[in-house]
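Peer 1: Chain by chain, the residues:
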Amino acid sequence: MSLRNTARALPTLLRVGLAEAVAYRAEMFVWVLATTMPLVMLALWTAVAREGGGGALGRYGQSGFTAYFLSAFIVRQLTGCWAFYEMNVDVRQGTLGMRLLRPVHPLAAYTVENIAAVPMRALVSLPAALVALAVLQPRGLTRDPALWALWTASLLGAWSITLFVNLAVGCSAFFIEQSLKLMDLWLVLYFVLSGYTIPIDLFSPRVQSLVDWLPFRYQLGFPVAIMTGALGRQEAAALLVRQWAWVAATAGVTAVLWRRGIARFGAHGG
Amino acid sequence: MTSILRVRALRKEFAVHERPPGVAAALRSMLHREYKKIVAVDGIALDIQPGERVGFLGPNGAGKTTALKIFSGLLHPTSGEVLVDGHEPRRREDAFLKKIMLVLGQKQQLLWDLPPSETFELNRAVYDVPRAQYEATMRELTALLGLEDLVKRPSRTLSLGERMKCELAAALVHRPRVLFLDEPTIGLDVSMQATVRDFVKRYNEQHGATLLLTSHYMEDVAQLCPRVIVIDRGAILYDGALGDLVTRIRPDRRIVLRFSRPVAESDLAALATVVRHSAGESVLQVPKEAVNAVVGRALANLPVSDLTVQSPPLEEVMSELFARNRPRAATGEAPP
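Taken in sequence, the protein lines are chains Z and G.
Each residue of the first sequence is one higher than the one before, starting from 1 at the first, in my numbering.
Each residue of the second sequence is one higher than the one before, starting from 1001 at the first, in my numbering.
Bound conformation, chain Z alone:
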């Protein structure tokens, strides 16, 4: 299953992936609705800031929360992935075999299918967020081009970690029967520790330093922090290195689980 084969088939894989995303338009809309938690948290936290007397919580006033959670919504839409679910079904029902018969690496196929769905998701969700940002003009969005360049790299890093975690959880279906529960556990930690529901810098310094070493922040909170100007160039660059170390780590775990899982699949069948 060579990379050359995958690269050659890439345009068709992307086109078919997009066609599937369009075919699942109702599910796509529901998925977008299911990821609107930042908008709920936006309402919640701006109310807290408003009722808080001084109108601010940490470095966030109402405008700061608006910038933060709209940014979180945008990052979540662009980095979303559900490959774990597809893999789980394929492994448990044995349909992975049909993918293994094709001369394209199944992990590459799952990846491309997810990339292909991004434009559709963006089309459904992003215009509203961008219009809100333009109309509300919240203070705090960075105007530094260097930071926007770092943001782009961090967004790719966030998507990569999310993808590899999805694939690793998908691979766990080779070994355990309820691998979806692993993703439930991951999502619980993600909701709390990624900045999805609470900005990281509202945690105590001790918790923040712990969060810095965990992968969750690099899936969402880190790109959002760059976007909202919470990080300077040097700090952002240093965290970017840490984020990509997590990309490498999650990729490594996925590769090991895949190799061992596929050996098990070959030994036990599906």
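Read the hints as simulated data drawn from the structure, not as lab findings.
In silico lysine-lysine, DSBU-like type, Cα no more than 30 Å apart, as pairs:
id, chain 1, residue 1, chain 2, residue 2
1, G, Lys1037, G, Lys1107
2, G, Lys1107, Z, Lys181
3, G, Lys1036, Z, Lys181
Go by the hints and put chain G onto chain Z.
Peer 2: Chain G in isolation, oriented as in the chain Z frame:
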């Protein structure tokens, strides 16, 4: 001639978790699991030549699907050797994958919510089929399988038979040289079974593809496969011509008689063993060498309006072969 499929001493074992029913057993199994070794394929050897159509027969659990999955690289053998056109399947090299296809009647590769044409196009890309060859193949498949009205409808809206036709087309986009078909006609009505059979035969004849087919419908085997390999409990019981198998296991013949007026069963019993009897039609079982004599007596003494001589149904032949093998398998004796 070099075999396109060469199998030697192939063995496949599975460790299967077992536990008795009940809550206590369920709790115990959380701490300690007991596994039983199942031998799915037990040292089989075979050779298939390019362009052959071979039926791979056996009862449920005989090891047919396991063997096909090993031949296509989805399962790894516990021991033994398998070579498909010189490739070791478990390595799943691109060159190997481009030469073979496994069609599983109960698993699908069609993209469920998209029209089959999208799966065809996807396969064209992943198998790197030149556009001109792809278009020619699709024209041929569309004509042979009657796909015109199907390829633009989402796969989920197609009937079982329509989906199987599209599955076959998707499997053949890259014109595989070796086709493993596992129950391709399962669940299809009689007419759709015939369509699929005709198509598979024509594909074999036109492209010289090698075909290894499993099916519980003996008609599939009778129509398609001059050679059969019979497997039971992981071991090969028979490998040879279908006709020879029938002659060896059931050398007797069936005489089907239709009458112009009702005949008593006792009149028939005087001629031969009565297999089935009704007012208008009876079936007799007679030794091969006694056919002429029994036919003569029937025509002379009974109001026969129509008479045919047949081999015993393949289903009965297979049942008898498996039944004979059971006690032998238990004692370790060689197959019949």
